[in-house]
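Student: With chain A fixed as given, assemble chain B onto it according to the hints.
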Amino acid sequence: MTRYILKRVVLALLTLWLVTAVVFFTTHVLPGNVGLRILGPFAERDAINALNEELGMNRPIITQYLDWIGTTLHGDLGQSILYDEPVSKILWPALVYSTKLASMAFLICVPLSILGGVVAALKRGKLVDRVITVGSLSAAMIPEFVWGVIFVLVFGVELRWLPVSGLADDGAGPLNQALHLLMPSLCLVLVLFGYIARITRAGVIEALDSDYTRTAILKGMSQRQVIWKHVLRNALLPTIAVVASQITYLIGGLVAIELIFNYPGFGSLLLGSVTYRDYPTLQAAVLITGTIIVTVQLLADILFSVLNPRIRQGISS
Amino acid sequence: MNQIAKDERTKIRRERLTLLRRNKAFIFGSILLGTWIVCAIFGDLVAPKNPEFIDLLAVDIRPSSTYFFGTDSLGRDVFSRVIVGARPILIMAFGATVIGTICGTTIGLIAGYYKGMIDSIVMRLVDALSAMPVIVFALLAVAALEKPSNLMTMIIIGIVFTPIIARTVRAAVLGESELDYVAAAKLRTEKVPHILAVEILPNVLPPIIVEFTVRLGYAVFAIATLSFLGAGVETGSPNWGSQVAEHYSLIYGGVWWSTLFPAAAIASLAVGVNLIADGLVEVFDL
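Protein chains in written order, with our numbering: chain A, 1 to 317; chain B, 1 to 286.
Okay, chain A solo, but in the shape it has when bound (with noise of 0.2 Å):
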């Protein structure tokens, strides 16, 4: 148990290490003058290498990365060039109000891609679950935008239901702000559901077809009590697993939802720095998102190994 879950952490630290390397490596590898990026063509010569100088761009490439990974690891994120103030003192908020948009979406998403999974389970080949998996799948590639855009027209515009912008007045009580974020959530929602869904659909299958199901209904248990006890518990140890990997969808849909729904979270400053050249504040966003990636899945590895006796005991499976 403890030598599995060393190993995860170890091979968490490994894949943040080379998220590290690619963020640094894309932005300087890739062809193009930073100087000439940030300052744009019309920029003097001498400006535009006088700021290389300053941003230390003329050191070798390999000083550059370890003097990065060095700050970054004291916990100095750089200066934001396109706000001139420290990174982590715009990025704190973003994150704060991104959270509160990530954690709505996954409160109403998990709950409800769990039972469309069970539902579909034990309807088993008929027309409900060929229409949740079909359905909830081709939902799930449709980008959220598109979804953003289409529930904006109808629940905004059309029967003027509910708020068109993600974030409420100042001061707005907490029912207010969750009205506001119930669009922008149930476009992501829609985007997770499917996989969520699909694999409790999986998971609830492989448990209802096995010997120990079969026993629990012979000894004349009933149908809700089997599900219960012996379908659920067994079934659900996968979604954990898929349900944190939908974090890396999430934080991806985060985008264009919060341009959208106009809402000044994480994705929006991630955009702005990508749009306006702000290099030091792009190379944060993207290492927090690595990073808060990284972690999650490393806590539901450790909760999956917690809950799964097979590992807990020490039989690799």
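Don't take each hint at face value.
As the list claims (entries may be wrong) - Each computed DSS-like pair below joins lysine-lysine, with the alpha-carbon atoms no more than 27 Å apart:
hint, chain 1, residue 1, chain 2, residue 2
1, B, Lys6, B, Lys191
2, B, Lys24, A, Lys126
3, A, Lys123, B, Lys191
4, B, Lys115, A, Lys7
Since the hints were derived computationally from the structure, they do not count as laboratory data.
Tutor: Coordinates of chain B only, in the frame set by chain A:
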């Protein structure tokens, strides 16, 4: 290969085709994708009006019998722009998926056959890339380039797909390389490239084909999103994602057509590809 084995293969292929023809979702998906492919190839001939023609006297006109999908804020015909807009997204999505499939299959074959070091490296790369949303990675790379380029965006998405496809192929190869026909080929002292390309590859084609279709769907997703975000896609030619981005602020004022139709086009393409993938998964029994 002897005659009996050949006959067996043709038989299996025929059976799969029959199954596909009976799969309603697959047929519907093929019709959707097929329609857009026709638009992408013959778009200029199919479009009833010049998609680039600006008519400031016919701005934001509702859908009518003259303008099926209405006109946009510059008086351009939305219907024609949607038809012509199929080309960039399809070229880029197919291009990115082909790049990813070729590179991923090669790496997956090698990793699954040799196992050991190469295998561990591939798996770590998969881990690292799965810690990075495609969109975020593409944005990072796009920001590093001096100007948006369709070709570079295609290559970047292809690179992101490579380890994912490599993982699928590797898993399939791991199972195959234990089988007798591979051992027989080794005993015949066949060269490794021959064993990989001629012996193993044909037997792992089904998962590769399915993975290709699934990735194609993700490529459509990623490219549409990137063009909506205004990153990594050349401006100028009509493009569904950019059309939505340019006009969606008008929907609050009731002008919905210049946004909804290109958005629906993206949705129908994405759903079409997904239905095809779903049908293939069922028929190949994966």
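Student: Taking 27 Å as the top limit, are the C-alpha atoms of B:Lys6 and B:Lys191 close enough?
Tutor: 23 Å, holds
Student: Would you mind confirming whether the straight-line C-alpha gap from B:Lys24 to A:Lys126 stays at or under 27 Å?
Tutor: Satisfied, since the Cα-Cα distance of roughly 15 Å is no more than 27 Å.
Student: Under the criterion that the straight-line Cα-Cα distance not exceed 27 Å, is the pair A:Lys123, B:Lys191 satisfied?
Tutor: Judged against 27 Å, a Cα distance of about 51 Å means the pair is violated.
Student: Quick one, are B:Lys115 and A:Lys7 close enough, alpha carbons at most 27 Å?
Tutor: 20 Å, holds
Hint 3 from the list above is the single one not met by this structure.
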